[in-house]
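Work out the full structure: start from the sequences and follow the hints.
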Amino acid sequence: MSILQVQNLKARYAQTGDDILKGISFNVAEGDFYAIIGPSGAGKSTLIRCINRLVEPSEGSVSLFGQELTRLSARELRKTRRHIGMIFQEFNLVNRMSVMDNVLSGRLGYVGTTRSLFKLFPRSDIQRALELLDRVSLIDHVDKRADQLSGGQRQRVGIARALMQDPQLLLLDEPTASLDPKISRDVMQLIRDTARDLGIPVLCNIHDVALAKEFCNRILGLQSGRMMFDGKTADLADSDLERIYELEVL
Amino acid sequence: MTHLVSLQAELERSRRRRQWVQLLMLALVLVTVLGSIQVIIIEDTDWDRVGSFGQIMESVGRFMALDLSLIPHLGIPMLETFLMACLGTLLGLFFSLPVAWFGALNVTPSKRILYPFGRFLMTLSRSIHEMVWALIFVAAVGLGALPGILAIAMRSVGFISKITAEAIENIDPKPVEAIRAVGGNNFQVMYYGILPQIKTVVLGTIIFEWDINIRRSAIMGLVGAGGLGLTFFRQMAMYNYGGVTVVILAILSLILLGEILSHYTRKAIV
Chain F
1 MSILQVQNLK ARYAQTGDDI LKGISFNVAE GDFYAIIGPS GAGKSTLIRC INRLVEPSEG
61 SVSLFGQELT RLSARELRKT RRHIGMIFQE FNLVNRMSVM DNVLSGRLGY VGTTRSLFKL
121 FPRSDIQRAL ELLDRVSLID HVDKRADQLS GGQRQRVGIA RALMQDPQLL LLDEPTASLD
181 PKISRDVMQL IRDTARDLGI PVLCNIHDVA LAKEFCNRIL GLQSGRMMFD GKTADLADSD
241 LERIYELEVL
Chain U
1 MTHLVSLQAE LERSRRRRQW VQLLMLALVL VTVLGSIQVI IIEDTDWDRV GSFGQIMESV
61 GRFMALDLSL IPHLGIPMLE TFLMACLGTL LGLFFSLPVA WFGALNVTPS KRILYPFGRF
121 LMTLSRSIHE MVWALIFVAA VGLGALPGIL AIAMRSVGFI SKITAEAIEN IDPKPVEAIR
181 AVGGNNFQVM YYGILPQIKT VVLGTIIFEW DINIRRSAIM GLVGAGGLGL TFFRQMAMYN
241 YGGVTVVILA ILSLILLGEI LSHYTRKAIV
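Protein chains in written order, with the working numbering: chain F, 1 to 250; chain U, 1 to 270.
It is worth saying that the hints were derived from the structure and are not from the lab. Hints are supplied without guarantee of correctness; some may be wrong.
[What the hints assert, rightly or not] From the derived model, a few chain F residues whose C-beta atoms are all more than 10 Å from chain U:
| # | residue |
| --- | --- |
| 1 | 10 |
| 2 | 13 |
| 3 | 120 |
| 4 | 141 |
| 5 | 171 |
| 6 | 208 |
| 7 | 215 |
| 8 | 228 |
[Said to hold, decoys possible] As a list, the in silico PhoX-like pairs of lysine-lysine whose alpha-carbon atoms are at most 20 Å apart:
| # | chain 1 | residue 1 | chain 2 | residue 2 |
| --- | --- | --- | --- | --- |
| 9 | U | 174 | U | 199 |
| 10 | F | 10 | F | 22 |
| 11 | F | 119 | U | 111 |
| 12 | U | 199 | F | 144 |
| 13 | F | 182 | F | 213 |
| 14 | U | 267 | U | 199 |
[What the hints assert, rightly or not] Here are a few chain U residues that face chain F, going by a calculated C-beta distance under 7 Å:
| # | residue |
| --- | --- |
| 15 | 173 |
| 16 | 175 |
| 17 | 177 |
| 18 | 182 |
| 19 | 183 |
| 20 | 184 |
| 21 | 187 |
| 22 | 192 |
| 23 | 204 |
It should be emphasised that the depicted structure is a prediction, and the values quoted were computed from it without experimental measurement. Backbone N, C-alpha and C define an ideal beta-carbon position, used for all residues, glycine too.
This is the structure:
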């Protein structure tokens, strides 16, 4: 069953009017770990941000569980975003806040304004945050400030925050680009195992083809806004990779 | 060889030229200073009233004869001055928040109308002197501490909101994106994404402004807006020079107190 359907998605720069995405279509099904690969500037980040409308697509359709996202009002969009977890290249934590508060901020879509003013998260949320911090092996760092952690630890806070949302879909924007190779594999492994346990499909931008091949079951190849490949990882041939990356110059 | 000689001559010429320019500048400054002294001091002063050196020292001496009987009456005005500064700063902060929100380019609700409006309010607040604000509020709400508090608040808005707006413009946008992505509303984006990033800057600014506001509230009484300034004004009106000095010492000690308090609170925060 397909969970996320993207059809003929287009996006353009507000200022120059140049197209970044030139009609992208794909489906993410249950249990998928979908990689988007491609050279820098291919539109990977834009594509992933069009799903939860951090970037507004100019044309096309994005539907999650049959609900069309491109036409939602601001209020409905916030409600839908609660179910889409996002993990970022540079973690995007609030450095001056504690690890616990960063993880709890994943619940902000669920708690009201007044509650969030006093950081009054329900007991069940705090319980859940502790469970997740345990799962990502950060239970000893709960009270530390986010900027006291190492890169790998920070990304695990980012993962816990995304999981805190009880997401039905995970979006990953280059989750390993700020990490060293060993930690990168650990983080990818953690995400894959957790997603499998919780049954959440993943859509992941990644420029490291080896990592993509190792962890993802489907691959979408992007080159300057066009789809060059869409299929099972096993079907990705070297010639496909060459086509995807042919325009890349140093 | 000839090349070297000509180079040397060139250097010598430019050095002499620089010396001439310097001399000319010095002469210009000297003429300006002397001219000013002639016009605004020698010609403008009523020399007959200045009196002899002895008379001057006598006048200064009158200020030195401290009127210690005034001290018991200073407690309330000192407290009033202190509270006027505190409340004025708090109220100023309260007004500053919307102004900073309007005047920060990356969060302003409307770039075309509210942004310039916010910037205008910042400038307005600072370009009107605190005494003028006080005069306006004395006329509007009458004598006492209230116009002083309002005047200090209005004068504080400019600085606090400007620094706050600049801090907001300099934040890291990445956490903001994350809060948006989890479905946070605009308030939550500000409270969780922006506020933690600007907190220390804003708190430091508030302490600094509070420190300045103690000085400001000490003179508010000169236009009838309460506090030590009013006591000062009364002593002056009674030609009680010893009392004037005691009030000045009271102001000095209050400012020292503010200096010490702000030093330690700043240390505690940063």
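To see whether the hints hold, each was checked on the structure:
1. 10: Label holds. Min Cβ-Cβ 22 Å, cutoff 10 Å.
2. 13: holds, 17 Å
3. 120: Check passes; 13 Å lies beyond 10 Å.
4. 141: holds, 18 Å
5. 171: violated, 8 Å
6. 208: Nearest chain U Cβ is 21 Å from residue 208 of chain F, so the label holds.
7. 215: Holds: least Cβ distance 22 Å, greater than 10 Å.
8. 228: holds, 27 Å
9. U/174 with U/199: holds, 17 Å
10. F/10 with F/22: It holds: about 5 Å lies between the C-alpha atoms, which stays within 20 Å.
11. F/119 with U/111: The hint is violated at about 31 Å.
12. U/199 with F/144: Holds. Residue 199 of chain U to residue 144 of chain F sits at ~18 Å (cutoff 20 Å).
13. F/182 with F/213: holds, 16 Å
14. U/267 with U/199: holds, 14 Å
15. 173: The hint is violated - residue 173 of chain U has no Cβ within 7 Å of chain F, the shortest such distance being about 9 Å.
16. 175: Check passed: Cβ of residue 175 of chain U comes within 4 Å of chain F, closer than 7 Å.
17. 177: At 6 Å from the nearest chain F Cβ, residue 177 of chain U passes the 7 Å test, so the hint holds.
18. 182: holds, 5 Å
19. 183: holds, 3 Å
20. 184: holds, 4 Å
21. 187: holds, 5 Å
22. 192: Holds, about 5 Å.
23. 204: Result: violated, 14 Å to nearest chain F Cβ.
This entry does not satisfy hints 5, 11, 15, 23, going by the numbered hints stated previously.
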